[in-house]
Amino acid sequence: MLTSAVITGLGLGSMYGLLALGFHVTYAVSNTVNFAQGGTMMMGAVLAFTLSVTAGWPLLSAVPVALVACALWSILVERVAVRPFVRRGSNSWLMATVALGIALENVALFTFGRDPRGMPPNYLTTHFVVIGGLKIQYLQILIPLVGLGLALGLHAFFQHTRHGKALLAVVQNAGAARLMGIDVERVTTLAFALSGMLAGVAGILVAPLFTVSSTMGTLFGIKAFAVAILGGIGSAWGVVLAGLVYGVAEAFVTACLGSTYTQIVSFSLVIASLTVMPNGLFGRAGVRKV
Amino acid sequence: MSATRVLVVGLALAALGVFIWRADNYQLYLLALVGLTAVVGVGLNVLLGLSGQISLGHVAFYAIGAYVVAILTTKTSIVFWLAWPLGGAAAGAAGALLAVPALRVRGPYLAMVTIAFGFIVEQGAVEWSGLTGGWNGLIGIPTPSLAGYKFAEREIAFLVVILTAVTVWLFARLEAGPWGIAMRAVRDCELASQSIGLDPTVIRTVAFVISAAVTGVAGGMFAAMSDFISPESFPFFQSILFLLVVMIGGADRVLGPLVGAIIVVLLPELLSWLAQYRLLFVGLLLLVVLRLAPGGLVGMVTRFSRVRIKDRYPNASRDVTAMLSAAGDRPSLVVRGVSVAFGGVKAVANLTVAAEPSRITSIIGPNGAGKSTVLNLVCGFYQPDEGSIRLAGRELAGLSSDAVARARIARTYQTSQLFGELSVIDNVLVALRRGRLGFRDLLTPHRDPEQTALAQSLLAFVGYAGPLDRAAAALAHVDRRLVEIARALAIAPKVLALDEPAAGLDPGDTHKLGELLQRIAAAGVAVLLVEHDMKLVMAVSDHVVVLDAGKKIAEGPPSDMQRDPVVLEAYLGAQLNIARDRKTPRPTGNTILATKQLSAGYGGTDVIRRIDIEIEQGELVAVLGANGAGKSTLMAALVGLNRQIGGSVLLRRQHIELLSTSRIVAEGLVLVPEGRQVFPELSVVDNIRLGAYRRSVADADVRCERLLDRFPPLKLRRDQRAGLLSGGEQQMLAIARGLIAQPEVLMLDEPSLGLAPMLVENLYDLLANLRDEGATILLVDQMATLALSVADRAYVLQSGVIRQQGQAAHLRANAAVVQAYLGAPEPAGDRT
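Line by line, the protein sequences give chains A and B. Under my numbering, the first residue of the first sequence is numbered 1, with each subsequent residue one higher. Under my numbering, the first residue of the second sequence is numbered 1, with each subsequent residue one higher.
If you're looking for bench data, these hints aren't it; they were derived computationally from the structure. It is possible that part of the hints are untrue.
Looking from chain B toward chain A, a few residues come up when the C-beta cut is under 7 Å (computed) [stated by the list, open to error]:
1) Phe119
2) Ser129
3) Leu131
4) Ala293
5) Ala666
6) Glu681
7) Val685
Negatives, chain B to chain A, calculated, CB over 10 Å [to be verified]:
8) Lys75
9) Glu127
10) Ser662
Label pairs and their computed distance ranges (CB to CB) [what the hints assert, rightly or not]:
11) Val86(A) to Asn315(B): 54 to 62 Å
12) Val288(B) to Glu185(A): 45 to 53 Å
13) Arg162(A) to Ala471(B): 41 to 49 Å
14) Leu292(B) to Phe210(A): 34 to 42 Å
15) Val6(B) to Phe210(A): 39 to 47 Å
16) Val288(B) to Arg162(A): 36 to 44 Å
For glycine and all other residues, C-beta sits at the position ideal for the given N, C-alpha and C.
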């Protein structure tokens with residue numbers, strides 16, 4: 001039973017990690033957190049479902065379209081709910097992104113409906129691998145692989161490509177980055193689009209394991225945010241690792257104590273660790289100069 | 001409260017009373033809901049509006065208050081009237097508990113802590129089912145009764161109305177009182193609040209507790225008027241609604257939550273067809289309010305009505321000099337053997353300095369010498385690694401900055417740190433208490449006439465002549481400085497430390513500042529002045545201490561310092577008589593970069609005015625001037641980083657003043673910024689390559705290798721992270737990064753800053769070589785003689801305008817350059 005908990009935990013954890021990577025990317029580039037991420041994830045799942053099941057598209061076309069929609073939506077969030085406030089020097093982007101997330105959830109509510117729907121079985125969920133007497137769906141192997149793969153891909157992008165390094169440069173010194181001719185606004189837009197796609201991927205991968213509903217994003221987004229905070233929102237590997245740890249820990253608590261204790265334990269851990277390390281487990285404090 | 005206000009409130013209550021008498025049960029329920037939501041809003045307003053801390057989990061306190069009342073009244077014999085305040089107290093205790101982690105974090109981290117708390121309470125209610133009934137909740141909560149009479153909807157509505165009115169009134173008292181002002185001060189500028197003796201931790205915790213307790217009281221009432229409660233009565237979304245209530249009405253406004261509650265509760269009722277779209281409506285409404293009316297509806301209204309309030313001006317009715325002298329004994333501030341190091345680099349080394357009462361002691365030195373660090377050490381912002389700081393024999397080293405302030409050391413900052421949203425008079429008033437806040441002060445009005453008169457007199461004393469009620473953020477630069485000094489004086493300090501107060505002031509205001517400092521010293525205060533403006537320093541100081549690279553290199557009366565060769569060398573640059581003459585003739589002809597009547601500045605004031613400079617291809621032109629003269633502003637304006645621009649900038653006869661920085665860089669104007677500004681986590685090679693990012697240089701890799709060959713230390717460390725390089729190496733890196741793009745014009749801002757003398761020599765040899773190779777260079781450096789050793793021509797900038805220009809050789813012999821720096825006639829000696 002514990003091993004299946006670990007497997008579930010790894011799967012869920014890498015999805016938390018993916019969403020948390022989205023938080024990391026936007027925070028790293030613009031010092032803002034997109035609280036509409038949970039909603040974006042839901043949108044990815046809902047769109048993939050609608051296109052492939054309701055409209056009958058093949059998965060191979062439904063998925064990219066859903067991802068592009070997530071990217072476009074996140075760009076809109078940046079334009080409308082982040083940029084005007086950052087420009088003003090105000091912190092209201094926090095509430096503004098929350099507001100947009102709520103709005104999106106409501107739109108999904110009255111278009112998609114209230115009832116959660118299950119994705120029809122597909123190749124990945126009907127085929128199993130048997131390890132040590134345990135049946136593991138292909139999908140359950142795919143999810144952590146995709147999660148880690150994306151983290152690796154992002155890492156490679158940042159460390160080994162010209163544009164990736166330019167993005168990092170913006171994080172490290174926005175003023176000097178501007179002097180290099182880097183268009184900081186465009187970089188921010190790109191970062192938001194990227195984080196939106198990450199959320200979309202998470203939603204699409206998770207959907208077959210659970211159900212698709214208009215409310216699936218909120219709690220997931222909050223937990224992913226907790227993961228990002230725990231890992232130290234400035235560190236890509238930190239959030240991915242924190243995601244895995246969180247997912248496995250959650251699965252363990254559910255297996256041993258029952259699902260209702262899960263939230264109490266995990267959120268208490270979040271508060272406790274923030275008390276001890278106010279910048280997250282892997283984060284670093286900013287420099288104060290007077 | 002004025003008579004009209006009492007009348008209006010009385011009428012409103014009376015009207016409500018009539019309404020309650022005539023309304024049906026559902027309407028009464030709605031009224032009660034509005035009232036309770038308003039009460040929560042007021043509570044949240046203490047936290048969000050006054051104290052500036054966000055909470056996305058406030059429904060938890062509501063739930064705690066509700067559950068305490070429900071549990072006590074259903075399971076014990078405790079009556080509502082006792083359970084109710086107990087519920088509030090329980091919520092307040094929870095708030096104090098939450099404050100412990102919450103105060104250690106900021107921004108999104110704080111949001112997370114509050115969200116987590118909300119979920120824990122909700123799930124706790126589910127888990128602790130023995131007490132709370134789990135998912136089923138508690139039913140049959142008795143309504144309150146008084147003297148045997150059981151309350152029905154009408155009485156409850158009445159009770160809620162009274163509760164709401166009382167809560168709003170209490171908030172008004174708190175907001176206008178010393179605690180409210182202190183909370184706002186901590187919100188606006190935590191740093192400055194500490195420098196007037198406030199302890200932000202205590203103040204923020206009190207805000208948390210009050211906010212939680214008020215919300216708990218509302219929750220308790222909610223339980224009493226509902227037949228049953230369960231965890232589903234307190235969803236996460238409710239916390240967002242509470243926030244919306246505060247924001248729609250207007251945070252930090254007394255009536256804001258009331259207006260917000262009316263809208264948030266009643267509007268969906270009136271537009272019942274909206275029901276399905278309620279979330280969408282809430283989300284969009286919140287977004288609109290945030291974008292268009294950040295002050296909320298009440299904020300919008302007050303903005304229109306504020307026009308009618310007449311301006312008050314400072315009235316000097318109290319004797320400020322007497323107040324300052326009455327501070328009792330006049331001790332000296334003695335700093336002995338103090339050192340502090342950051343990241344392995346010693347910022348201040350074994351420094352001994354004293355500030356005598358009734359005297360002005362100035363600390364001068366080149367940039368990076370450690371002057372501000374000394375101030376920060378004295379005022380408790382940094383803790384020294386060794387040494388002692390004593391005032392009247394009392395050891396201050398190691399104390400926090402608010403403790404140091406309470407020990408009567410006041411300070412001002414390099415960039416004025418005022419409480420932006422507070423009025424000018426409130427900025428000074430809040431400091432008068434020197435951080436003393438007691439229980440009784442929670443509800444007393446703080447606009448005590450005696451203190452107000454004193455605050456006005458302080459403002460008049462420093463020379464502030466503007467309106468008293470203007471928000472500090474709206475002040476002009478010189479007024480900001482004056483108000484900050486008035487605020488510092490309000491704590492009746494024995495020592496006043498000022499960090500570059502004359503920066504950005506024109507000569508007339510600087511002169512007045514000097515007179516003010518002398519008046520302050522005459523009252524017995526020990527004035528410690530860190531300044532670059534030599535004219536001011538020489539005019540007012542009794543004693544001057546010269547720092548360089550963290551060490552004291554000279555001290556004495558100002559007249560001696562003007563002639564001291566060590567001081568001169570530190571300021572003007574080493575090797576006074578090396579000229580790096582051209583090895584190749586200067587190409588004559590095209591002007592490649594020119595400015596016409598260029599002006600630029602910040603916050604509405606211009607720092608540089610009517611600048612006309614020209615640079616021909618292949619020239620090395622220097623711009624000289626003391627700190628505050630406007631050199632960096634000029635650079636920022638040329639490269640497009642400063643948007644407040646007048647006049648024009650022409651690169652190859654094309655106007656570039658309106659282009660974005662990335663376009664200007666693409667056109668070939670490259671700036672090597674002040675302070676190196678490398679990308680610390682990227683490698684040396686990556687840093688250099690980023691220099692070619694925009695210009696799409698054809699053989700960037702080849703050029704990169706060639707540059708590495710040119711700078712052997714960089715080649716040695718090619719894959720190391722740039723942040724680990726030494727200062728000199730970082731400067732080389734920054735220049736290499738600028739060169740890779742083959743710029744049309746290479747601009748350097750203070751390249752010698754913080755470099756050891758030998759490295760500076762190497763740097764300037766490099767610049768001479770680049771010049772001889774035909775590069776076009778615009779150079780800004782406070783080391784005037786050094787810059788003149790490589791330049792073809794130079795401009796001298798002072799107070800934002802060009803005072804001198806000409807061939808470098810000519811300027812080298814000219815006394816005016818020295819004048820600009822040391823405010824005195826040139827020292828003796830041949831200087832060609």
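Ascending list of hint numbers which this structure does not respect: Violated hints: 2, 3, 4, 7, 9, 10, 11, 12 and 15; rest satisfied.
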